[in-house]
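The hints should help you fit chain B onto chain A, whose structure is shown.
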Amino acid sequence: MARAAEIRRILRLKSAPVRGREPATSGAEATVPRRFVLRLLVVCGVLACGLAVAVVAGVALGPVRIPPLEVVTALADDLGLPLPGDEAGGQHTTVINYIRLPRVLVGALVGAALGIAGATMQAVFRNPLAEPGVIGVSSGAALGAVAAIYFGWTALTPWMLPATAFVGAVAAMGFVFMVAALRRDRGPVTLLLVGIAVSAFFGALISVMVATAANDEELRGIVFWLQGGLGARTWQHVQLAAAPVVAGCLLLTVFGRDLNVLLLGDDGARAAGLDVARQRVVILGLTSLLTGAAVAVSGVIGFVGLVVPHALRLVIGPDNRILLPASALGGAAFLVLADLIARVAFSPTSLQVGIVTALFGAPVFLALVLRRRGTTGGLR
Amino acid sequence: MIVNASNVGLRQGATRILHAVDVAASAGEVVGVIGPNGAGKSTLLRAIAGVVIPDEGEITIAGVDVARARPRMLARQLALVEQHPVMQFDFSVRDYVLLGRHAHLGRFQAEGAADAAHTTAALEKVGISAFASRNVTTLSGGERQLVAIARALVQQPRALLLDEPTSALDLSHQLRVLELVRDLAAEQLAVIVVVHDLDLAARMCDRLVLLVDGRVSADGPPETVLDADLLRDAYHVHSVVRPSPDTGAQTVTALRHIPTPNNKS
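Protein chains in written order, with UniProt numbering: chain A, 1 to 380; chain B, 1 to 265.
Worth double-checking, as some hints may not be accurate.
To be verified - Have a look at the derived ranges for each label pair, beta carbon to beta carbon:
(1) B:Gln12 - A:Val208: 37 to 43 Å
(2) B:Asp233 - A:Ala277: 35 to 41 Å
(3) A:Leu368 - B:Arg70: 33 to 39 Å
(4) B:Thr137 - A:Ala76: 44 to 50 Å
Stated by the list, open to error - Examples of chain A residues toward chain B, derived with CB under 10 Å:
(5) Phe36
(6) Leu264
(7) Gly268
Source of the hints: derived by calculation from the structure; they are not laboratory data. Cβ coordinates follow ideal geometry from the N, Cα and C atoms, glycine included.
So here's chain A without its partners, still in its complex pose (with noise of 0.2 Å):
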């Protein structure tokens, strides 16, 4: 008996070397990097093309109904791609060009934005119901576009808005990295409490601004302003999103892995070989310039961070490699068709985008948080 154990443990020992040879590589095993980037491809196919059914339904569908056949020829057109029987100058190429086209665009980068942006959170504060408000950035964003609202700024150039947001953004990330390298302390609790604060404080603000508003159209702008929403949309704002959206979502998918290691816990993920410290600052740095980037459009639109990873995530599964390319483009189709049943629910009335993200999100925020019941969410 004891000999058969004795045999097994030398066996054990010869098949699993812990140092220099490398042991024997099997077929199954070879495998592995196709099957991963197989599944990358697959994944990002499919909601590539969600994207696109979502956008053409988008730029077709509304007060005005156009054929999807002329919407695809006028994106076709557009890109420089004309197709066959290309009838050039369809009879509504100014309402997908002018109005329809660059709201929806404007949605699929903020949905984008948002989406991965939730999806590192989430990695980041190992806590799937964080949320890209929920560390200040979007607050910050809002008191930065209510302020120029309120002072009357907008009136010098309509870029003062969106500029503002993102100046606010910008400022609320750094202070609450300022006030989290003071306590020497970076570990997620802290941050989570922190964002909390800042929150609440820029919160107290816009509602200052808001008591004291000089006229009721100062009022409507900002309260239209903070309930988010993509009407009116222009080139200019698509413009203005386009770069830094395009650019973080790509940043940050080349942080997939180490936002897996982050994974192992603070301490687990710096002895595993993670610069801890270093890479949070950098990616919650890209997470919050993409956040301030896309409030800066659309004012704050919640939820889509929080519905649209975690929808994934049980799909596809935890790893960050695949899930933040994916919570990008499922954030952008979302946030699209969101913003498709926002318009013709209750046409000709239409609604914000945000009142139908809160819609399908708050739902989906307490089935997680009844889920997690009895746990600490993952903090300690």
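Relative to chain A, chain B alone:
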């Protein structure tokens, strides 16, 4: 010498956690760190792992200065198994263990066949191949500990740090960890392990370091460190130490608590 910590001092706020601590471990050696709660055992392990940087002294792993080494480089020399490994997201055991390959991969590099083979080997060595595809969040405490050890092994370290790997485990899992640690030492790994169970420490370790109030109060083979007088001063208990007729290792039986000004019974 693989691990060499000399004269390590560490403060947390106004409290001194470690005073001039010396700990070393050579290849193939299992060094146990024992001592009462709050003696600084875990902090010492975290300092050696480079997770906290000491205020004084120097720690080197295979000649590399821990305070200056890049985490990636350090992780190829040394792996840490925490007392409570964080497992909150729905990774499979295999994928979780594969995360340990991080330090061996370039930024744009996906895991390859060799990484998968290391993972398979580690799962096999730890004896958890049977549940490679289970979700880590569903594992018991003992299984988690074994999975965390497998994750540490795929880092291909020269030194392995274990923080109370057996404290939450049942008898059979304790024995498995004990055998595993001996196996790893036989493969020339330097192992430093924090243990509370002194009997287990005696069986597992070649050398014991007794830490009391952040100071090394004894360092040597289990036969000399597990001494009734030393233990009385460290733990404030009267105890009997005698070799076990079955294993030959020292066993400690605590008899009576000694009331002290800070420690009334």
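Here is what the structure says about each hint:
1. B:Gln12 - A:Val208: 37 to 43 Å: About 41 Å separates the Cβ atoms of glutamine 12 of chain B and valine 208 of chain A, which means 37 to 43 Å holds.
2. B:Asp233 - A:Ala277: 35 to 41 Å: holds (39 Å)
3. A:Leu368 - B:Arg70: 33 to 39 Å: holds (37 Å)
4. B:Thr137 - A:Ala76: 44 to 50 Å: holds (47 Å)
5. Phe36: For phenylalanine 36 of chain A, the interface hint holds, since the closest Cβ of chain B sits about 5 Å away, which is under 10 Å.
6. Leu264: It holds, given that the least Cβ distance between leucine 264 of chain A and chain B is near 6 Å, below 10 Å.
7. Gly268: At 6 Å from the nearest chain B Cβ, glycine 268 of chain A passes the 10 Å test, so the hint holds.
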